[in-house]
Amino acid sequence: MAEIQIKNVEKWFGSYQALKSIDLTISDQEFMVLLGASGCGKTTLLRIIAGLETASQGEVWINDRRIDHLAPKDRGIAMVFQNYAVFPHLTVFENIGFGLRMQRRPNHEVKARVERNAELMHIEQLLGRYSGELSGGQRQRVAVARALAMEPDVILMDEPLSNLDALLRLEMRAELKGVLAESKTTAIYVTHDQVEAMSLADRISVMHQGRIIQAADPLSVYRDPAERFVGSFIGNPPMNFLPATPEGGGKWRVAGQSYAGPKTDHTALDFAIRPEDLQPSAAGLAAVVKVVEPLGAHVLVTCAIDGQMFRAVLDSDTKLAAGETITLQPNAGRIRWFDPQSQVLVR
Amino acid sequence: MNARYLPYVLITPVALFLCVFFLYPFFLVARQAFGDGGSGFSLDNFRDIFGYWKFNMTLTNTLLLAAAVVPVQLAMALLMATMVSRMGKGRDLVLYIWTIPLGISDLAAGIIWLAIFEQSGFLNSMMVGIGALERPANLLTYQNAGLVFLAIALAEIWRATAIMLVILVAGIGLIPKEYYEAADVFGASKWKQFWRITLPLLRPSLQTALILRVIMAFEVFAVVAALGGTLFPVLMGETYAYQFDLLNSGAAAAMALVILGISIAATLIILRALRVPKGATI
Amino acid sequence: MSQTDQVSPNARKAGRYLYIATVVFLCAWVLVPLYLLFVNALSSAEAVNSFPKSALPEFDLGSLSFFAKFQGILDALKNSLIVATMTMVMSIAIGAPAGYALSRFEFRGKATFRLLILMTRAFPLPLLALPLAIMFIRTGLDDTALGLAFVHTTLAVPFAVLITFSLFSGIPLELEEAAWTLGCTRLTAFTKVVLPLILPGITASAIFAFVISWNEVFAAAVLTIENRTLTAFLLQNLDTTAIHLKFAGGFILVLPALIFIFAVRKYLFAMWGIANR
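Protein chains in written order, with the working numbering: chain A, 263 to 609; chain B, 13 to 294; chain C, 234 to 510.
I should point out that these hints are in silico values taken from the structure, not numbers from a laboratory. Worth double-checking, as some hints may not be accurate.
Straight-line distance between alpha carbons at most 30 Å, and here's what the computed BS3-like set of lysine-lysine pairs gives [as the list claims (entries may be wrong)]:
| hint | chain 1 | residue 1 | chain 2 | residue 2 |
| --- | --- | --- | --- | --- |
| 1 | C | K246 | B | K202 |
| 2 | B | K101 | C | K425 |
| 3 | C | K425 | A | K373 |
| 4 | B | K202 | C | K311 |
Here are the computed distance ranges between Cβ atoms for each label pair [unchecked claim]:
| hint | chain 1 | residue 1 | chain 2 | residue 2 | range |
| --- | --- | --- | --- | --- | --- |
| 5 | A | N369 | C | Y252 | 55 to 63 Å |
| 6 | C | Y252 | B | Y36 | 47 to 55 Å |
| 7 | A | G301 | C | L264 | 54 to 62 Å |
| 8 | C | A344 | B | P289 | 28 to 36 Å |
| 9 | A | T316 | C | L420 | 18 to 26 Å |
| 10 | B | N156 | C | Y252 | 30 to 38 Å |
| 11 | C | D376 | B | T242 | 32 to 40 Å |
These figures come from a predicted structure and were not determined experimentally. The beta-carbon is built from N, C-alpha and C at its ideal position, and this holds for glycine as well.
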């Protein structure tokens, strides 16, 4: 059982605030992904949980133990590093068994656990090799096996797939998901790749400039972004935005069209819709086609609505040419509205 | 162990050691030079050494030797470093041979070149052997001041080029190949590449190499003692003589400060002349 | 000439010959004087004093055995060994932690510390032997191996710090962090992960310190009287000893250098490469 609680954690590097008042609870066996662009603080937060950095203020708890003042080795965690950190002077076997040897476990136990985890990561035939003889992907598997062999309460992963080529990344993602689900360990995974986040996470914490903007399951983060930033960060291509003015009675004017929206007294709102939630139709937003990209599975159309750039993902048989005018009708249930000042979702 | 204090704990032994065995003696030397035996601050020691008839010659000798030797070594080291950077097979062996002098004591170097230049030495043997001389000449004597200088200069060049070579090879190694490839694409010849790419990017290394070599040149001691003895007085040798032959510690300390003074002056000049604009490094 | 046209094959060949000839000449320039020392050392006393010199050694151990029997020489040799070994141990013992601190930590005073290290390289250190001689007399370290070793360590420590700094900088911090998450304390992580990886480099640094001490002349001459080191002994006796003794002594001085430089050659360049930044 490993539930993690992060209470009011802040981190300053000199006069630069990397983390601003982070509060997060991660349930037992949950796969939590910290997602954000570089510099958002996700790696700093992970390292604070690991014990490789100390928080400027705040507390970190694992179950009923407060751990933020403990050394990494006393926290019950294991970590997979971005550059794998496989020890060059030890064999794969010795690497995977390293933590177990530190715990002075008997030889037969070390052997059993090393072999079991090596098999899990499909590297049992590499046990006698040194890291210099391994490929990047193989080293990555060693790093994961080494962490799993510790049977930790929490496993922490710092962008473990980012140094792999695209195809390998795809394979490893699926493998990791399976392996970690079976191991029944709580996992915290840091990435800037939102596809990875959507694929692996039970919950995603979207981070930006030191704050957690939204922590929710992938579909909620996708469908109901808490802030405009989340909508524009998640999804490829990202959400479209248009300014909207009130018509009264919950109706809003967007690029000459009228849509039902929040019944609030905002003087302006941002209208948002995802590219795949648009259909060509007789009525709707008038768009001038700029670029048409037939991507095989669908067609990506970049157009201008009221002078603003707008993207739509349309059926793969759509035939359009640059310069044409089309009308796009958004799926009413998927329209979202954001406050232009605070950037927060308005219902 | 609290990580905040750990770095200080780690550097304390070195810092302490250097304070005791470097800063404190340095302070003692300064104090002794500027005042002797309780009469407070005085420049007597300096007056003594500057007034000594040999001083001008000693200073001139030292500076002249440095001026003769260092540029030659710089050119040679640059040549050797450039050649090594293009070498394929045999690079390791050649580099090892060329850096052997690094491990050779200046005393040993003096002895080695003595074997060549002394009266019954190899140079004489060779010259008599090829008929250029009838009898072995006594080369290292008072009459042949120029030859003595040459012998010392050769020994110094032989001994100390390796130090500059090592620094320059490391510096050249830091220059990414892409710069040369780009230069090739833009049509620069190898010679132009040397002038326009290698040399400018070597500035920090050239600085280091020159400063180190010049300071060591002002400290030249054992080579001169071996080859010239009293025929070619240099600053360091005279300092030794003051301390142990004349038993005049104050004068020796003053000489030490003179050597320090010209070392610092030379360092500053080199730093200025070869300074690198901010951001203009690799 | 800014063209990269075809150079005529003859010109290129000539250039190549010139290149090879220069390399060979420069190698000979280094090796021939050493060879001549070698000739002298391995010749009998008579041959050394005779004229003209032959270009080939007699392989007579006369000079060397005379050297070995000469009064005080073996003691001087022993003293050199003791001082150099002490220097080696001390300079690594205090230099390596500092190199580690410089490579891993940002701390207040780091720039000042680096300046101090640099300054010691710039200062004519043997001159410090003069005031230290007095200090040593007062503390009883005068004419001892330990006293001289302290001075030599001052000479060697900046190199030890800089070489270990570049060595540690080459080991990613991630490796230590991984060790910390796998059950190591800072110290165990250092001994089990970092140390095995830099051992060759630290050995090179130690050997370098040994060579610096072994070769040093001025301070040795100043600080040792009864317990002379080899360099001090030879310097003292430059005018008075028989010439073949000098050559044998020179040979003994040079021989370890040849071996040592061979052992540390990889690290010579690493030291300056990173220290230059």
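Which of the numbered hints above does this structure break? Result: hints 2, 4, 8 and 11 break, sorted rising.
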